[in-house]
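Fit chain B to the given chain A structure using the hints.
Number of protein chains: 2
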Amino acid sequence: MDLHITRDQLTVGLARVQGIVEKRATHPQLEHAFLQAQGNQLRIVATDSTIQLTADYEARVDAEGIASTSAAVFFQVLKSLAAPVVRLRTVGNKIKVTAGSAEFNLNTLPAEDFPHMPKVTSKASLSVSGGAFKRMIEETAFCISKDDNRYGLNGAHLEETHGASGDPRLRLVTTDGSRLAWSETPFEGVFAMGARMLLPRKVLQEMKKLIEKDDDVWQVGFGDRAAIFTGPGLSFQSRLMDGDFPDYRQVVPAAFRRRLEVERDAFSAALRRTSIMASDRNRSVRFSFEPGRLVVSAQNLDAGDAREEIPAELSGEPIQTGFNVAYFQDVLGATRSDRVRLELSEPLDPCILRLPDRDDCLFVVMPMRLD
Amino acid sequence: MDLHITRDQLTVGLARVQGIVEKRATHPQLEHAFLQAQGNQLRIVATDSTIQLTADYEARVDAEGIASTSAAVFFQVLKSLAAPVVRLRTVGNKIKVTAGSAEFNLNTLPAEDFPHMPKVTSKASLSVSGGAFKRMIEETAFCISKDDNRYGLNGAHLEETHGASGDPRLRLVTTDGSRLAWSETPFEGVFAMGARMLLPRKVLQEMKKLIEKDDDVWQVGFGDRAAIFTGPGLSFQSRLMDGDFPDYRQVVPAAFRRRLEVERDAFSAALRRTSIMASDRNRSVRFSFEPGRLVVSAQNLDAGDAREEIPAELSGEPIQTGFNVAYFQDVLGATRSDRVRLELSEPLDPCILRLPDRDDCLFVVMPMRLD
Numbered sequence: 001m002d003l004h005i006t007r008d009q010l011t012v013g014l015a016r017v018q019g020i021v022e023k024r025a026t027h028p029q030l031e032h033a034f035l036q037a038q039g040n041q042l043r044i045v046a047t048d049s050t051i052q053l054t055a056d057y058e059a060r061v062d063a064e065g066i067a068s069t070s071a072a073v074f075f076q077v078l079k080s081l082a083a084p085v086v087r088l089r090t091v092g093n094k095i096k097v098t099a100g101s102a103e104f105n106l107n108t109l110p111a112e113d114f115p116h117m118p119k120v121t122s123k124a125s126l127s128v129s130g131g132a133f134k135r136m137i138e139e140t141a142f143c144i145s146k147d148d149n150r151y152g153l154n155g156a157h158l159e160e161t162h163g164a165s166g167d168p169r170l171r172l173v174t175t176d177g178s179r180l181a182w183s184e185t186p187f188e189g190v191f192a193m194g195a196r197m198l199l200p201r202k203v204l205q206e207m208k209k210l211i212e213k214d215d216d217v218w219q220v221g222f223g224d225r226a227a228i229f230t231g232p233g234l235s236f237q238s239r240l241m242d243g244d245f246p247d248y249r250q251v252v253p254a255a256f257r258r259r260l261e262v263e264r265d266a267f268s269a270a271l272r273r274t275s276i277m278a279s280d281r282n283r284s285v286r287f288s289f290e291p292g293r294l295v296v297s298a299q300n301l302d303a304g305d306a307r308e309e310i311p312a313e314l315s316g317e318p319i320q321t322g323f324n325v326a327y328f329q330d331v332l333g334a335t336r337s338d339r340v341r342l343e344l345s346e347p348l349d350p351c352i353l354r355l356p357d358r359d360d361c362l363f364v365v366m367p368m369r370l371d
Numbered sequence: 001m002d003l004h005i006t007r008d009q010l011t012v013g014l015a016r017v018q019g020i021v022e023k024r025a026t027h028p029q030l031e032h033a034f035l036q037a038q039g040n041q042l043r044i045v046a047t048d049s050t051i052q053l054t055a056d057y058e059a060r061v062d063a064e065g066i067a068s069t070s071a072a073v074f075f076q077v078l079k080s081l082a083a084p085v086v087r088l089r090t091v092g093n094k095i096k097v098t099a100g101s102a103e104f105n106l107n108t109l110p111a112e113d114f115p116h117m118p119k120v121t122s123k124a125s126l127s128v129s130g131g132a133f134k135r136m137i138e139e140t141a142f143c144i145s146k147d148d149n150r151y152g153l154n155g156a157h158l159e160e161t162h163g164a165s166g167d168p169r170l171r172l173v174t175t176d177g178s179r180l181a182w183s184e185t186p187f188e189g190v191f192a193m194g195a196r197m198l199l200p201r202k203v204l205q206e207m208k209k210l211i212e213k214d215d216d217v218w219q220v221g222f223g224d225r226a227a228i229f230t231g232p233g234l235s236f237q238s239r240l241m242d243g244d245f246p247d248y249r250q251v252v253p254a255a256f257r258r259r260l261e262v263e264r265d266a267f268s269a270a271l272r273r274t275s276i277m278a279s280d281r282n283r284s285v286r287f288s289f290e291p292g293r294l295v296v297s298a299q300n301l302d303a304g305d306a307r308e309e310i311p312a313e314l315s316g317e318p319i320q321t322g323f324n325v326a327y328f329q330d331v332l333g334a335t336r337s338d339r340v341r342l343e344l345s346e347p348l349d350p351c352i353l354r355l356p357d358r359d360d361c362l363f364v365v366m367p368m369r370l371d
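If you read the protein sequences in the order shown, they are chains A and B. Counting in the numbering used here, the first sequence runs from 1 upward without gaps. Counting in the numbering used here, the second sequence runs from 1 upward without gaps.
Among the hints, a few may not be true.
Copies of the same chain are indistinguishable here, so a pair counts whether it falls within one copy or spans any two.
Stated by the list, open to error - Simulated pairs of lysine to aspartate or glutamate, EDC-like, Cα-Cα distance not exceeding 16 angstroms:
id, residue 1, residue 2
1, Lys-94, Asp-305
2, Lys-208, Glu-138
3, Lys-94, Asp-302
4, Lys-96, Asp-305
5, Lys-23, Asp-302
6, Lys-94, Glu-112
7, Lys-208, Glu-317
Honestly, the hints are just simulated from the structure, not real lab data.
Chain A extracted, bound-state conformation (with noise of 0.2 angstroms):
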């Protein structure tokens, strides 16, 4: 292998493989960048086994060849260099990497011994907009389980769903199983996968990175419990987790009998403020519904009390009940909107959080006791 790369895009490349490989494997190649010099690309080649970037590099290639080198080493040596041109060649059992004045030699382990997974076979594929890829990742990623125990809603769940007119739509699902948030876009293609379809939650983490342009198109394909994402020069493909998401829908009410409706920055600013106080484990604030107002207000035994009138409407009968502000500041940092809508039918019945101005995603939040 012996080849000339612009510093700028192998950096881009090696900083799209940090989140990708593993930091500390089980198989050492897990942690690498696997190289391939060919015709006048560098494919850069990384996996942690349930998922792998694959993608492409305009570059001079002088010799064709392979090499593996570790993906965290490799890119501090990139972002370290000042000359716009980088020079990878393999040296013995070394890769010799010259910019500048500057000259690495980094230590390898045999190409191809690789641990590459398996090609993903795609019997059908869909097509979206880069930008409502990255929404509907943006609007559901936070509801994703950090409990790994809870199996089933450490990834997120994505299905086929129609819009009041009946067009198709792709539907994004996560929980926690305290908040959950769905997210929707329409789509272009056939949809593949029946009812099971649970993505690691390190997939929309490593695809919100990858997508570049919201208008760039994206195809999703659907291989044996494994699904592949395919962009300009790259793709990106993960098995499917095993888990059962649960059957969502149940916890979402059909009707409800209060609705308050406030400006979102307002809003926003007093749960803030408010969330100072809300600090022990629970993060509980107190959500009193009353006519033309909600008053938020939180306790705290150690540093003292918070309290803040928003300006609302209400509908129905005023009511008081208890929530984690957190869940709430979560919906608000991941979404854009004037107003937000809640709609509540008793003090711990789930609350649904909706923005006015939107059909297409749409959350709900637990409530907890109030002592």
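Quick look at chain B alone, frame taken from chain A:
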């Protein structure tokens, strides 16, 4: 106590004490800010029982009084506020904070029990400019030992010295046993501490933040085993440390056999790159002083190796020696200059680092044995 004050001023006031107060104090008021409304000012005091900051801020005082509340919680509250003016008043045993629609009640402790440090009665004082004081701190603080067992090396030594033309200078000296830094500035007034004046690390950290303008004048006063620094609107006092600072002059060689001068940016970039492979505990990098160039290189068994040449002017015979690369990076990070000069006799002798255009700072780095 009942007063109105601008949010920005009060936020600055609480920001300044965050580094002073203890995080988990044995005496709970060492986590507190002491507030005193008097005349047209709010005074804020905080102490960790070794250092104490007292600062005054303009306020509209409707009722004078004192109060004491958690500095960390109060700061969090202030940062969350949007309204430009804040009202503080004591209600029962709480401080009620109101600003716009936000309302907080902060828990307090009896302010009359606040553990003020004894007042420092200054026997004599000198004055320096804020800019010079800050530069002295930046050029020396990084060499203070982080090892709490190295008593006497955990602080910064302040003494009176003289420039080449006999002009009185203040010199700040720090060392951790493997390296040393000193930095000087002219002063006016009287240095009244004799030989021993050892300032805790925290004094340097906090003074650096407290100095806001280069042309502010700071008074340094000397009391009984204490120093007091007085700047615009604030005074900052510290107990002196009991340890003995070593006789540091004996580690600074009076003569040398080799001198090498390099362009600073090239040296810095080469060290940054080479340091990637200097990942052993000692961060060791090989320096090869050669005619016309300095070659820096490092080797890492797991990752590979790095090597770089920098154009240099060498006086004396070629030589190879090893250094902890971080020691040089710290000096370069704390200073400005176009070129740097290294002076050295034999491979295991201390290396002096100077900035050719400055006679008021000097750095010493101990070499290490290369394998």
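Tested hints:
Taking the closest pair of Cα atoms, Lys-94 and Asp-305 come within 16 angstroms of each other only across two copies (10 angstroms); inside a single copy the shortest separation is 62 angstroms, beyond that limit. Taking the shortest Cα distances, Lys-208 and Glu-138 sit within 16 angstroms of each other inside one copy (8 angstroms), while across copies they are farther apart (40 angstroms). Only between protomers do Lys-94 and Asp-302 lie at most 16 angstroms apart by alpha-carbon distance; the minimum there is 12 angstroms, versus 59 angstroms within a single protomer. Taking the closest pair of Cα atoms, Lys-96 and Asp-305 come within 16 angstroms of each other only across two copies (10 angstroms); inside a single copy the shortest separation is 61 angstroms, beyond that limit.
Taking the shortest alpha-carbon separations for Lys-23 and Asp-302, only the inter-copy value of 15 angstroms comes in at or below 16 angstroms, while the best intra-copy value is 40 angstroms. With identical chains, the CA atoms of Lys-94 and Glu-112 are at most 16 angstroms apart within one copy only, with a shortest distance of 15 angstroms there and 70 angstroms across copies. Proximity of Lys-208 to Glu-317 under the C-alpha cut-off of 16 angstroms is found in neither arrangement, the shortest distances being 42 angstroms within a copy and 57 angstroms between copies.
Of the numbered hints stated above, the single one contradicted by the structure is hint 7.
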